[in-house]
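Asker: The chain contents come next:
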Amino acid sequence: MWADGTPPTGGYAIAAYIIAAVILLGYSFILYRRGSKAP
Amino acid sequence: MTLKTRGRAITLLGLLLLGIVYVRAIWFTPVERLQGGAQKIFYVHVPAAWSTMLAFSLVGLASILYLLMKDDRYDRFAAASAEVGTAFACVMLTTGPLWAKPIWGTWWTWDARLTSTLFLFFLFIGYLLLRGAIPEAGTRARYSAVLGIFGAALVPFIHLTVYLFRTLHPQPIVLKPSAPSLPGEMLATLLFSFLTFTVLYVGFVTQRYAMGAGDDHVG
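First to last, the sequence lines map onto chains A and B.
The opening position of the first sequence corresponds to residue 490 in my numbering, with each subsequent residue numbered one higher.
The opening position of the second sequence corresponds to residue 176 in my numbering, with each subsequent residue numbered one higher.
Heads up, simulated DSS-like pairs for lysine-lysine below, C-alpha to C-alpha not over 30 angstroms straight-line:
(1) B:Lys245 / A:Lys526
(2) B:Lys276 / B:Lys351
(3) A:Lys526 / B:Lys179
(4) B:Lys245 / B:Lys179
What the hints contain is simulated information worked out from the structure, not anything from laboratory work.
For reference, chain A alone in the conformation it holds in the complex:
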């Protein structure tokens, strides 16, 4: 607990934000590459 009583759970949020960004950026990159190969 922080001094104001808020539980220190921000690390889970950071992990979730990183994973979401990796999935969405990764899928964007995959679509870009597949689109570049397609006629």
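Add chain B to chain A, keeping to what the hints say.
Answerer: Using the frame of chain A, we list chain B on its own:
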């Protein structure tokens, strides 16, 4: 401007908006007192769930239209939406447990909402595998349309699971008959994130649709 270029432009806009969502959620939205920082997962998890359910619902609609009209464009759209929905489902199913661990004390529980959502994800993995396994376009479109309709039929059921069953999953706080139960700043961030994930959905589907029906197997 070709459809592919338009899809790329919309996706780029969506990614820029996602950056703004992150900045707003992390630094300009208050921390919830009981849950702490983990509550901010909500601004990614809920919009990802929205895009997943939107994508799979539109697979069902496009599948019905394909079976009625036999127009290949509906089949192409259904294939695109299913793939994009599966990508959003990956975001939903990874961010959910990261919230559940500090709040519920466990990564996962087999309650009705979580279990039915996981089944929906598996069903659409099966949908994509089915499309890859059938070389003949007409047969592939017909079989996958039937599976797509059954998958989409699960979506309203999943939304109602929190009312129909005793479940740990929180009840809807925005998509419900009464007014949203969130403070203004949190609601603004959530609605902006909904918009962002919808823009990303449109960008992804436009790109995927533009690739055409003939390249379902391109990896």
